[in-house]
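For reference, the chains in residue letters:
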Amino acid sequence: MKNWGFKISRPRAIDFDTADLAEYSKLVEKVPSAKRCLMCGACTATCSAGNHTDFNFRHSHLMYRRGQFEGLAEELDKCMLCGKCKMVCPRGVNTRAIIYNMRIFLNDMNYKNIES
Amino acid sequence: MIIGGGPAGLEAAYNIAINGYKVTILEKDNEIGGNIKKWVKLFPDFGDAAEIRKAFADKVNKGNIEIQTGVEISELYSENEKWFAKNGNNVIYSADAALLATGFEAFDARRKEELGYGIYDNVITSVDFEEMYKTGKILTAQGTVPKRIAFLNCVGSRDEKVGNHYCSRVCCINAVKQATEFKELVPDAEAYCFYMDMRMAGQFYEELYRKSQEKYNVNYIRGRISEAAATFDKRIQIKSEDTLTGLPMKMTVDILVLMVGIESSASTTELSRQNGINGEYGFAKSLGLYISDNLTKKAGLFLAGSCKRPLTLPETVADSRAASVQILNYLKLN
Amino acid sequence: MNYHPFIIPFSAGAIFLFAVVIYKFVKWFRNLDRKQMYFVNKNIFSFKTIEAIGETFREALIHRNIYKKNPLLGYMHMSLAFGWFLLIAVGKTESSFYAGTFFEEPWLAIFFKYFAKEQHSYFMAAEFSFIMDLLLLIVLSGVALALFKRVRSNFLGMKKATKHSKFDRIALASLWWIFPLRLLAESTTAAVAGNGNFLTGTVGNWLSGLPVEAIELPMWWAYSFSLCAFFVSLPFSRYMHIPTEVALIFLRKWGATAGEQYSGMTDLQLNSCSRCGICIDSCQLNFAADINHVQSVYFIRDTRYKKLTDEVANNCLMCGRCVEACPVGLELTVIRQQLRNKAEIPGKHYFEYNKAEESKNKTDVIYFAGCMTHLTPSIIISMKKIFNEAGERFWFMDEDKGLCCGRPMRQQGFVQQSKDLISKNMRLIASSGAKMMVTSCPICYKSFTEEYVLDIPVMHHTEYIKMLMDKKRINVKKSDLNMVYHDPCELGRGSGIFEQPRDVLRQTGNLRVSEFEKENALCCGGSLSNTVIELDTQIKIRNHALEVLTESKPDVLATACPLCKKSFVHGNKAKVMDIAEIVADCLNLQSEKNEKKSVNKKESIEFI
Amino acid sequence: MTETKKHFWNEYQKEIAEDNFFYERSCIRQSFFPGSETIFLKILTDDLGKNIIDDPNQHTCTGIGYHSDVVPFDTTMTVVGRLFSLMKDSGVRNYVPSCVTSFGVFTEVVETWKHFPEELEKTRDNLRKATGREFDIPENIAHPSDIIYKYRKELKEKMKYQLVNRHTGKPLKVVEHIGCHYGKIFSKHAVGGAEFPQVLAGMIEEWGGEVVDYPERRHCCGFGFRQYLVMANRGYSVANTKKKFESMKPYKPDFIVANCPGCAMFMDRWQYTIAEMEGITYDDNKMGIPVLTYEEMAGMLLGYNPWDLGLQIHQVQVEQLLDKIGIEYNPDDKFIGKSGKYLGEPEKPENLVVDYGK
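Residue numbers (the numbering used here), protein chains in the order written: chain Y, 1 to 116; chain W, 1 to 334; chain L, 1 to 608; chain H, 1 to 358.
Please keep in mind that the hints were generated in silico from the structure rather than gathered at the bench. It is possible that some hints are incorrect.
Stated by the list, open to error - Cβ-Cβ distance ranges computed for the label pairs, FRET-style:
| hint | chain 1 | residue 1 | chain 2 | residue 2 | range |
| --- | --- | --- | --- | --- | --- |
| 1 | H | Ala232 | W | Gly246 | 19 to 25 Å |
| 2 | Y | Glu74 | W | Ser226 | 30 to 36 Å |
| 3 | H | Tyr342 | W | Phe232 | 40 to 46 Å |
| 4 | Y | Ala22 | H | Val353 | 53 to 59 Å |
| 5 | Y | Glu74 | L | Lys575 | 33 to 39 Å |
| 6 | H | Asn20 | W | Tyr77 | 42 to 48 Å |
| 7 | Y | Pro32 | L | Glu499 | 49 to 55 Å |
| 8 | H | Phe186 | Y | Gly5 | 57 to 63 Å |
| 9 | W | Gly246 | L | Asn31 | 48 to 54 Å |
Heads up, the beta-carbon is just placed ideally off N, CA and C, and yes, glycines get one too.
All chains, please: the whole structure from these sequences, using the hints.
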């Protein structure tokens, strides 16, 4: 192979036709209230971890919903599961359970990746 | 004399007639009912539009209400404290007072060329959706059952490019309603709603919105579709920003529904212009917003309903009743 | 030799049972962790072993704990367990007398009536005959009660009966058959031989119309087979609790407890559950939210049979009410914690926060509000007021929203990550030079006291306030408010702090009593431990608790946990206040007095 | 085409002069597509009998420098002024820049002068001071593709071939690509506007082909001066091209036609890059999709020798297309230069299949 000095960039856009949207359905089965999320960001505003890092639960949740898993596990690592987010959610979304389950599912996906 | 046989016109006719005055309704269509004719179910309670239309028709089925359909008024003017309306064939109708209830028209989506309405068969408007919903099926132009549908809010509203800065107020909730209806018909399909803001300010709107998410799994994406194009298999590829992830996005849908906004009807624009009561965006202008919202600067000319601004059906009916009182007072005092 | 082929099923079953039980015990004992082994080795030859024997009698045979909770249920268990034990013990004695040696055939005692058909004169033969009939009657009464319980569980005060597994049903059916069959077998033999006491004799008389010679042997075969079926199914059914519970009693007496990791002790506890279902009745998910498939009994069963689902593992408030209720004394929440452990999820990127890990503030007392307390700022304001009033030099450690204490992570099984947080916080605490730590959150409190290694005392603010009041460092005036106190799970059952908050409240108002108090207190539903239930379920639990707590229509519902406060406030049924707030409101402010004094001084100066 | 579609592009019509043009050559086309400009002049003079001036004193319009942020706008205006002064000297008043970017620059400069007359005066001053020359604003500025579009019917009558597959008798599927600077700066200066540009589509449809309306039709080819010029950004440039190819692939286009030097060149050469980097091509036989300029397309159909049109210089080989249409060519002449000397054969890529016809 020649050295081209550059690589073809990957599109930044989320492609809903190829994104893995099924994972989110699995999550929603575990946490049905996730569907109610309005993306208001109250969770992110109160977040204890967000006070120390750039952790943004709302964003992570949405990225998961969109099937964009790259780097998400590391992102979720910043959460301390303190549960404040759940207390402030105006739509009664079990945010803490969403994080917890995302963590588990992401870990499962990771294992799948390693196996394949 | 009431120009317009929609909800506003009919409600006013009933209220004025019951007080012993003779009322003439001049309706440009061949049937009364106005824009409700196009609808199947109404938000937010999925009320039956046909039933409500019938209820209106029954109300005006009275001795001293004369209904003239198929009459499009091209001129409205007053002489010696009497009001005259002339149609295209120069037939003149006259009365002591006139009520402008000429309502709204849906935005012509072809003006948003980039969204492909009229260009790609699978781009339809919310009005087309209702038309299709009347058949009990929502199908693509190819006759297949859609697997993915997208609704786009604010088509023709809140859009500097088409000159409409205002919010049409009904499209958000209508999108919620139609997405819910679609999911009831095709539960396995994906439904996406693209919005700039979800404006759920009416009673039960928020609840319906919530239910559409929770029960019907309708997805809401904050972002405005800026481009639509047909794919090889006649589906529609749309592009938007998923503003809440901060990333651009694209998806292919089977049907794209454009939630067209409310615009002033041609009659509203023309008749209010003739009488110098033309307001913003072609709507008619009332004397004052708070206590004289049904009056105009011309004595004996009144306004009711969405010829003034985008209104929901209950608001239109309430406004029409208010107009009736103003007209009755006027008739009594003159 | 007293032999007949019908003893073979019994003997084979018994041999199988002993083999399996021994195999399992060996495996479990070998799997004890180091700490548990240490206690076993230390205490095995001590007085504790004798105590354990006593407790075995009390609990495994007489079931004192169940008795205390529910006498009828206690009697049922006692009649079965102790009755059967005595049947064996007395029967063995009788057969030994009969044979004249202690080393007669091992099965002789079991089938004694068949082999000792003729009238014999051995020591106290008539008395034995009576006692054995009496014991059989007692056992049969227990069986009858058990049968009745199956049909109508609330007759015995049980709201929910446990759903059983396949082995359970085999074992249960054979258990129910053993004693009626024994009665029938002994009675037919009595009819054939023309003997028997008040029970077997009477039943024998009733049966004498039948061809008793023909049905005698089949009866003894059936009896033997029912014993065999019971023995074979026992190790795989809930009846494994019979031998295991004894072992557990000994281990516990020696000082072993379930640790952080799954161990042989866990296996012993899993197998010691008799699936009585008392935990179902105590569980708020059951009685307030109608969820009745996730309780400890199912959790233990599913774990034992290795079919634990995420839902069962995670759908628990960890309030500890079932631990209080469990007649076997299983460490249910600890075991659940073990099973939630997610060691497989790596924690290397965790909490790389750029916050200083050393305190610049040297202080006497650290105040750690806790994450949740930041959502109830009036608690923080009240605590500051109290600290100031007491003249305490304190450092508000998480004023700028600090790191979490680590317990919420731990409860979800992220132990490694939790430890990471703990070590960061410990460094911070140590660097402050404080002599004491006060926290407003019971979750943090439990974490600090149990999971942290600190060389300074940690107090929940209820304890701290009580101490300040005792030492007269703050003075309160009693209000005329009627108050009911809600025990937060982690503070009450979790940490045993019941009296301090009540003392404080008695000095600041009129403390009323509610139906569920102290060990029996309800959870507010806001527990972080449950990641399965959604808000609607939490609301059901909360509303039920709120209903109970506000029955006496108190002016104030007092609590000592930000989470409980938030839950109850959202319920909007009563004024909810944290103890700190109540105390802060009732303070006789020293500073005000000083102000008044100084004002007086000024006036006097003017006078002069 | 639906009625609405017609309705839309009809709103965007532009005036195109009929005769007497001043031609301005492109900086880069003569090396990328060496036959194109020559053939355009030939078509205009020989086939259409028009007067077009090809002034040897012409120079760059600064487009590349301007769009790469190295040439200030004042300089650009002055340079444009000089080009206009050359036109003034020649006596014609209709300006025809070969390059789409030049077209964009000229329309932008003229539009600026219209709104800011003081800029025009300043430019006149600057040019006078620097060169002593005077200039007039052209009466009409049209891109050569506009002129070909205008005379597409006349040209059709002279054409030997049609855009029809001679094996199947079906119209060829053609992807048309308009340079961004043609219609996206001022859509009113583009035939059919920016959404449904008609300039190339009109030629294709007139000459028997079928336009492929694929989703990414309006997307940039990826040229985007700043992007390809800097190596660090080049991955982004290819990514855009790739996006277009992925979108057009299901339609199985027979060839691509563009009216912009950069577009034609990038869509041709990046196919090679993508094939060599990732092993992907967007046709079925790994040969790539041929890319033509509109002059090449017209010249080809008029019956000019493909090798005189410079088609052998393309990366994606065009023989497959010539065979489909039935155009006669001599494979042996492919690499024979104008002087009659054998020029040698280019090196073959690893993944992209090329067939030099021998």
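Hints, verified against the model:
1. H/Ala232 with W/Gly246: 19 to 25 Å: holds (23 Å)
2. Y/Glu74 with W/Ser226: 30 to 36 Å: holds (33 Å)
3. H/Tyr342 with W/Phe232: 40 to 46 Å: holds (43 Å)
4. Y/Ala22 with H/Val353: 53 to 59 Å: violated (38 Å)
5. Y/Glu74 with L/Lys575: 33 to 39 Å: Between Y/Glu74 and L/Lys575, where Cβ atoms are some 45 Å apart, the hint is violated.
6. H/Asn20 with W/Tyr77: 42 to 48 Å: violated (57 Å)
7. Y/Pro32 with L/Glu499: 49 to 55 Å: violated (42 Å)
8. H/Phe186 with Y/Gly5: 57 to 63 Å: Violated - the Cβ-Cβ distance for H/Phe186 and Y/Gly5, about 36 Å, lies outside 57 to 63 Å.
9. W/Gly246 with L/Asn31: 48 to 54 Å: Taking Cβ atoms as reference, W/Gly246 and L/Asn31 lie about 51 Å apart, which means the hint holds.
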